[in-house]
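Student: Chain residues, written in single-letter form:
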Amino acid sequence: MSAFLNNVLIRNARLLDPRAGTDKVADLAIRDGLIVATDSGPFEETFDAAGRWLIPGIVDLCARMREPGATQKGTMRSETHAALASGITAVCLPPDTAPVIDNTAMVNRVNRIAKKAAGAYVHMLGALTKGLGGEALAEISALKAAGCVGVSNGLNPVASPLVARRALEYAASLGMTVHVVPLDDALANHGCAHEGAIATRLGLAAIPVAAEALAMRQWISLIEDTGARVHFGRLSSARAVDLLASAKRLGLPVTADVAAHQLFMTDADLEGFNAMAHVIPPLRAASDRDALRAAVGSGLIDAICSDHQPHELDAKTNPLPQTEPGISALETLLPLSLRLVEAGLLTPLALAERLAGGPARILGLSQGGFALGARADLCLVDPTEEWRLDGRNMLSAGRNTPFMGETFTGRAARVWRG
Amino acid sequence: MRPLDASRIGTVRNSQGRGLMTHPLQLTPDGRLRHLLTVEGLSRPLLTDILDQAERYAGQPSSNRGSRGLKVPLLHGKTVVNLFFEASTRTRMTFELAAKRLSADVLNLQIAASSTSKGETLLDTLKTMEAMQVDMFVIRHEASGAAHFFAQHAAPEVAILNAGDGRHAHPTQALLDMFTIRRHRPDFENLTVAIVGDILHSRVARSDIHALRILGAKEIRVVGPRTLIPAGIEAMGVTVHNDIDSGLADADVVILLRLQKERMVGAFLPSTGEFHRDFGLTKARLAKLKPEVLVMHPGPINRGVEIEGDVAYGERSLILEQVEHGIAVRMAVMGMILGDEGADS
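Going down the list, the protein sequences come from chains G and P.
FYI, in this note's numbering the residues of the first sequence are -7 to 410.
FYI, in this note's numbering the residues of the second sequence are 36 to 380.
Hint data in this document are derived by calculation from the structure and do not stem from the laboratory.
Don't be surprised by glycine CBs; every beta carbon is placed ideally from N, CA and C.
Misleading hints may appear alongside valid ones.
Some, not all, of what chain P presents toward chain G, calculated at C-beta under 10 Å [unchecked claim]:
(1) L158
(2) H176
(3) G180
(4) F185
(5) Q187
(6) H188
(7) E192
(8) S237
(9) R238
(10) R261
(11) I268
(12) A270
(13) D285
(14) G344
The following block holds chain G by itself, in its conformation from the complex (with noise of 0.2 Å):
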């Protein structure tokens, strides 16, 4: 699936250039893991792309590799493996490892993992506050010095928002973006589902949309003050759609992602007790999907991620409420915002730009663009090619999906890593 040839010439693809804007058929060239003139011959091999799309290698701006602390759901080199091969060159991976990406030793580890698992990309954020506590700054200086893309209390709760106001001061002096998963722990109420009738009628603990409005308002407010720059992830309501949209009008520095399965799938899921629609936070009402996608195809939401969380059978095997929240999703990004292509809702491109160019800003990476110079992560896709998703077959190490045994169409055809 994967290649690292060192020269390499992909010709008649449909290059998707998100960061250039455009859109056309032409030839490709890769020398040393870089992009290249095309004319700047001979190559090793000369691929025919026609009838293909090539895009910038997808960043996942959210993807937990299990890999320190439970080895048992998946490891580094398994998860980036299935990543690649998927299409996703690189991840970013929140700090909620065990032990927390919270000093440069732990950054400095991950990476050598990473390194030797030499699948997609890895890149961290490091701990907002100490062990993720939320109560102690970390050395975001020094975290930031390590290699850190950003800072993150991951699903953590900030013990207040006095902490939070001197979380974002402090990352914003350094010029770290602060990513938040805007859901208050306390509305949240350890829910492990959306409130309204289905919730109410399986009787499960509900989580409000208000635990994420509430959560979103409180951080707008102090973005207003403080200017620091924030990255909204995992969006799941209507509601903080309107919030995101009136920050963005205010010229306020916000960005914002949407899980994958967000787009597809809603509350109704959870009917008969399906553990593998269990996730934080939790699959909404079909309006609150409807306005994820609007603001997808709309652009007010910049990226869609994977939110993969790999868990390994037991995981799952339980009564709902007590199965951990999560879903096997590296597999499945690329095929499912291709249906949002086929929907009508993202031109190509635009696929490209919530895939790769918009998640590669939001991390201030170099990639999502094919630049002469620039590195040489790409994935071309095939828009038509029939797959079904069968767990004999997944390269992650979670079969934890509720998409299993559904056909897709298109799917990443080869990647090149630069």
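The hints should help you fit chain P onto chain G, whose structure is shown.
Tutor: The following block gives chain P in isolation, referenced to the frame of chain G:
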């Protein structure tokens, strides 16, 4: 490019039952009971059949003897295990009595002393017990969906009977409530039923609502402060009343729920005293209701909280009848699943 099936833009569904309602798991292809997990989705004839079967075991309404002493060999040679992960006295006892009166062998698993407290998973527990040739598990568990989970993983010859899972369902309680109502007021189509109290946490309320709807009750109300009324419950076919006077007006049946003090964390209520003042069924409130109103409570009751002591055992109260009918209804369900008329026969 292949045109997009519009239905796929929305909820993605696969062939493993996702997107389906919760009930098909408990029915055989020909519509008989395979397990009993929830009242939801039972057909009216099936529900009525359960109540009719219960009549066989309950004795005459006037005798006030219920099923006392009645023993039948229907489940002779069968083994029923009461697997109670949550504390319970009356429900477990009535299940035990029901199984014994059907001549089954009964085991009661003390969860506090079982292997689950040593870290064994639920699935391990199920499989271990299955290996002991158990025919039916009666399961109570604190997690919603636990009975479904067991049913999904149970061996083909093993039946699951839900004795209460989290906030989700307590089907036999609902069936015995319907049985009790039917004995006094068989005209469900004319009944206005008010369910009062902690609807949010109540599996009984949810199951009663399903059962009342299936039987065609004229109006079902849920009554309580907004903190105890879950969002979107109107979708179950009820009207919501935050005021007890409007909630009880013209009611034919009042079902009071136990205020679950152990769950009253998180500022649901200022005090039980205030709850009693605003939502408790007192003699004064009862006096304003229809003279023939039926007062019910799944028990155990909190005297002076959701119900005044005098009302609990007053002439309109059916609380003790409910307990008695619980045995007959559970005998009926066990018999229908495991007995001669059962799904595996």
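Student: Restraint: G180(P) near chain G, CB-CB cut 10 Å. Satisfied or not?
Tutor: holds (3 Å)
Student: With chain G as the partner, please determine if S237(P) meets the hint condition of a C-beta pair closer than 10 Å.
Tutor: Since chain G brings a Cβ to about 9 Å from S237(P), closer than 10 Å, the hint holds.
Student: Please check whether Q187(P) passes as an interface residue: C-beta within 10 Å of a C-beta belonging to chain G.
Tutor: This interface hint holds because 8 Å falls under the 10 Å limit.
Student: Given a cut of 10 Å on the nearest C-beta pair, is the interface hint for H188(P) held or broken against chain G?
Tutor: holds (8 Å)
Student: Hint R238(P) vs chain G: min CB-CB distance below 10 Å?
Tutor: With a minimum Cβ separation of about 6 Å from chain G (threshold 10 Å), the hint on R238(P) holds.
Student: Per the CB criterion, is I268(P) less than 10 Å away from chain G?
Tutor: holds (5 Å)
Student: Any CB of chain G closer than 10 Å to the CB of A270(P)?
Tutor: holds (4 Å)
Student: If you take the shortest Cβ to Cβ gap from L158(P) to chain G, is it below 10 Å?
Tutor: This interface hint holds because 6 Å falls under the 10 Å limit.
Student: Identify whether the interface hint at G344(P) stands, where standing means a beta carbon of chain G within less than 10 Å of its own.
Tutor: violated (30 Å)
Student: Hint check: is the beta carbon of F185(P) less than 10 Å from a beta carbon of chain G?
Tutor: holds (9 Å)
Student: Hold the hint about R261(P) up to the distance rule: shortest CB distance to chain G must be less than 10 Å.
Tutor: violated (13 Å)
Student: Does E192(P) hold up as a contact with chain G if the rule is Cβ-Cβ below 10 Å?
Tutor: violated (21 Å)
The structure fails hints 7, 10, 13, 14 (numbered hints given earlier, in ascending order).
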